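Colleague: Starting from the known structure of chain U, arrange chains X, V and L on it as the hints suggest.
Those sequence lines, one after another, are chains U, X, V and L. Just so we're aligned, residue 1 is where the first sequence starts under this note's numbering, counting upward by one. Just so we're aligned, residue 284 is where the second sequence starts under this note's numbering, counting upward by one. Just so we're aligned, residue 567 is where the third sequence starts under this note's numbering, counting upward by one. Just so we're aligned, residue 850 is where the fourth sequence starts under this note's numbering, counting upward by one.
One thing to keep in mind: the hints can contain errors.
Some chain U residues judged to face chain L by a derived CB distance under 10 Å, without partners named [said to hold, decoys possible]:
(1) Ala71
(2) Arg210
(3) Ile214
(4) Pro230
(5) Thr236
(6) Leu245
(7) Lys278
(8) Val280
(9) Phe282
(10) Asp283
Quick list of in silico lysine to aspartate or glutamate cross-link-like pairs, EDC-like style, CA-CA up to 16 Å [stated by the list, open to error]:
(11) U:Lys271 x V:Asp813
(12) V:Lys837 x V:Asp849
(13) L:Lys863 x V:Glu620
Bear in mind the hints are in silico, worked out from the structure with no lab data behind them. Since the model is a prediction, treat every value here as computed from it, not as a measurement. C-beta: ideal position from N, C-alpha, C; glycine also.
There are 4 protein chains.
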Amino acid sequence: MSTAILLISSPDQKGITAAVTNFIYQNNGNIEHADQHIDSNLNIFFMRIEWSLEDFSIPPSKLKTAFKPLADKFSMDWSLHFSGEKEKMAIFVSNKYHCLYDLLHKYKQGYLRCKIPLIISNHRQTKPIADYFNIPFFYSFKNSKSKKKAEAKEISLLKKEKIDSIVLARYMQIFGKNFVDNFRNKVINIHHSFLPAFAGKNPYRQAYRRGVKIIGATSHYVTEKLDKGPIIQQGTTGISHRDSLLDLKHKGQDLEKSVLSRAVQLHLDKKILVYKNKTVVFD
Amino acid sequence: MSTAILLISSPDQKGITAAVTNFIYQNNGNIEHADQHIDSNLNIFFMRIEWSLEDFSIPPSKLKTAFKPLADKFSMDWSLHFSGEKEKMAIFVSNKYHCLYDLLHKYKQGYLRCKIPLIISNHRQTKPIADYFNIPFFYSFKNSKSKKKAEAKEISLLKKEKIDSIVLARYMQIFGKNFVDNFRNKVINIHHSFLPAFAGKNPYRQAYRRGVKIIGATSHYVTEKLDKGPIIQQGTTGISHRDSLLDLKHKGQDLEKSVLSRAVQLHLDKKILVYKNKTVVFD
Amino acid sequence: MSTAILLISSPDQKGITAAVTNFIYQNNGNIEHADQHIDSNLNIFFMRIEWSLEDFSIPPSKLKTAFKPLADKFSMDWSLHFSGEKEKMAIFVSNKYHCLYDLLHKYKQGYLRCKIPLIISNHRQTKPIADYFNIPFFYSFKNSKSKKKAEAKEISLLKKEKIDSIVLARYMQIFGKNFVDNFRNKVINIHHSFLPAFAGKNPYRQAYRRGVKIIGATSHYVTEKLDKGPIIQQGTTGISHRDSLLDLKHKGQDLEKSVLSRAVQLHLDKKILVYKNKTVVFD
Amino acid sequence: MSTAILLISSPDQKGITAAVTNFIYQNNGNIEHADQHIDSNLNIFFMRIEWSLEDFSIPPSKLKTAFKPLADKFSMDWSLHFSGEKEKMAIFVSNKYHCLYDLLHKYKQGYLRCKIPLIISNHRQTKPIADYFNIPFFYSFKNSKSKKKAEAKEISLLKKEKIDSIVLARYMQIFGKNFVDNFRNKVINIHHSFLPAFAGKNPYRQAYRRGVKIIGATSHYVTEKLDKGPIIQQGTTGISHRDSLLDLKHKGQDLEKSVLSRAVQLHLDKKILVYKNKTVVFD
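Just chain U, same shape as in the assembly:
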């Protein structure tokens, strides 16, 4: 049975939780999950509430209108989702395929609540993987000259396919402002370091040179500033002097896969709220 999910952030004030839960109860909804958080420094209230649509008296098509007055009263920033509706998610990938295989197998197993109608890559050899998993593939060559044009084409393709969110599964290309503006808090990247350490190029090489004893991976939403967007998920693993730069890359792959796929899952399950370049993750 399908559920409805409300994501809410608003100035904190008395009665919000009561108002929202009353709204659901009075319309005969059964709450399945409710999480809330208050940033007491900034006085911001966050809520994720999910309830069963079985017996719920308001039909999904009228729910947005029905909830609006309450949302307005509390000056909410809010979004409404239905578990039965699957987001459309595109994957961008370069020629490092470990995250791609991982995401696609998890997708095929049903662990990712989405449709993946498009894989875009700047490497032609990605096509057989897309073919094997039965996903349409689009080759998009990019160099410094062609970049702007290529990006415009990508945006139009993404719009045409009604893509809701994008995963950069080790894509390693920087997007322009226009692209970012079109998909604010919708593009999830994996960076292969424990940010803010080792932002930018060759993080494993940077880590190797610095002689750290742990390496990490960070998934975050993409913003205009490289590797500085809101962090969703991080992971670390120990290394030693015995590990070569190549060993770091190998060991890092497993981290990258689990951190990225977990972030994608949390995003698709509408468990993330973004504010002040940070995230509230109701996991």
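Modeller: Okay, now just chains X, V and L, sitting in the frame of chain U:
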């Protein structure tokens, strides 16, 4: 400013969250934390809700009575706490002192919301530590003969001091049924293995012999069955063939300290609900 | 350039390291890696030494004979390997494919120093994966009746293909004594719990029921006793009451993949020595 | 029985290991631990070798002279240590005492192979802790004016007490060049972040503001450059949006304690070699 905390478990049904949050709102309370969980297999609802008593219209002394009708209506199993009230906690310890030092320093720093009016040990050399931290000390010798009598004396002392909860900071003595019955879900133990592996005696020796590559520590509420109570917190750390049995003990100490002190903190902050020999931990 | 690798275990006595390193030096070998370990309780010496064959005066074909007198003198249990020689490894798999995809992609990337000439499965739907990665596939149906016969056929196939080692990538079938005897310390299994906890069937279900706060995965060599063989590698990850049994399975997959593939890599790089149902792992 | 320990780094060349192990064998020494590592990019050889002095034919007092010709032949950078000789270690501490308690209790348990004849603090309230553990205490006030003078006094005190190494157990004062020069690779600091992230002041505040999902701690040798010295040990732990800045500080304490005490133990056991601002740690 002080807060009130309600811990609730009940059969899951529509309207519970609305009813509780309305109760708080209509009496002019401001919710600071609200967590809920539903065990959908067993259809049990769990809630922890904390609200400011500033401007709250019901005085603390009348709150229990005021909430009772609502609790009865939903067949709640519930308890009410006030952040301003500090639990009285006793520590039992043998002659391994790492957890004791850790707890007492955290206590002195104000990280543990409690009073510690009593340390009980079967080793006289514990007294100087208790003295240094200004905590009354009681020596309680135990052998197979004296055990029953000693335990009875301990219970009477604990009752006299109005002890609410007990920490076994590496006490390594098994309590009788009477003791457990008196402090159901109030006695927190640390066992130096990742339970259910290596229950019972000498867990590090068992781990060393089995040749595991990780060791762990587990804090749990004490029940009649040795090392089988509801688990609160666990931690693990990697080891290798290079580690001797003594190394395991050393490495394990840091785990034991952090796992136990975290469990104690969660308990004192009323963040744990127990059911079916498991815990819901709203951390 | 190729290297030679010696794995040695022997009663500990003075002069072993000097004798082995002299042997290499006097024949003009350059040591690239040397690790040793002494179990001081059991008085056993372990060594892994790897040296460059460039300029080495003894040709690979005569090395075994040349080293034998020294090995005999110190009563060594020893084996000789060459980095240029790739082991032949077969994969057994059921219908859970996450470890299979992971291993095959790492194999294609060149992270596993082996050849994989054979995938055996009791599920026909495994074939397309084998096909995609260009690896011969053999379907081997098993039930309680056919098991003995099927296993005999598998052994003969493995022998025919000159298989050196076997990975059970979530195979979930128990092998008979004959099979184990044929591949002693050559069959690597992944069990989805932190052994010795939750051995046997449905370890995630067992973990869920017990209410643990961490789950784990264990790779080990297969012996006659189910889930009791020498442990190679383990990993753990935190869970909470919010995680359903299905969540445990999802989260566990990433652990299983990284723990198994790491164990396979260590095995292929000849970094594991087995004794007394334990392992020395020179990672 | 006492052992001798050699720490060696040198240009890599054939025959080093054979030469060193022969030296020990021919003088009737029994090797207990031997570790080596080669940085193949920089062609540097590292070794730690430890052997029993029982039956060893060269007396400790003559060992340095006896080994020198061999060291010279291979252009070794080397040091000789005896397990029976305990380093003298001083602790500097501010008014955060968690690492101090942890180190002192581990010291009293015999886990740290050293003598601690001196605690220096810029806070008078540290004295009772030093008194309780029976360690001489020196109060050294520091402000921008008095710093240079105070440091000179500290150095003279450290020299007078023949201090070998220094632990900064949350000291939070920057030392001048003169101090660093006097104790090169002898001063171990704990920084409460996963360096290189959040170097400098208030790392937990920096971490909180950035919205990271893991926090860490790093122990390193102190150099002229703040928080940029060779890293010895690191640890991390997960956090969430639920954690306040104060929670980060609490959770971080346990990390700081275990990371620092482990680094100190490794240092005292002569298991660390420093080169190119990195460490080889034979743990």
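Colleague: What are the numbers of the hints that this structure violates, sorted from low to high?
Modeller: 1
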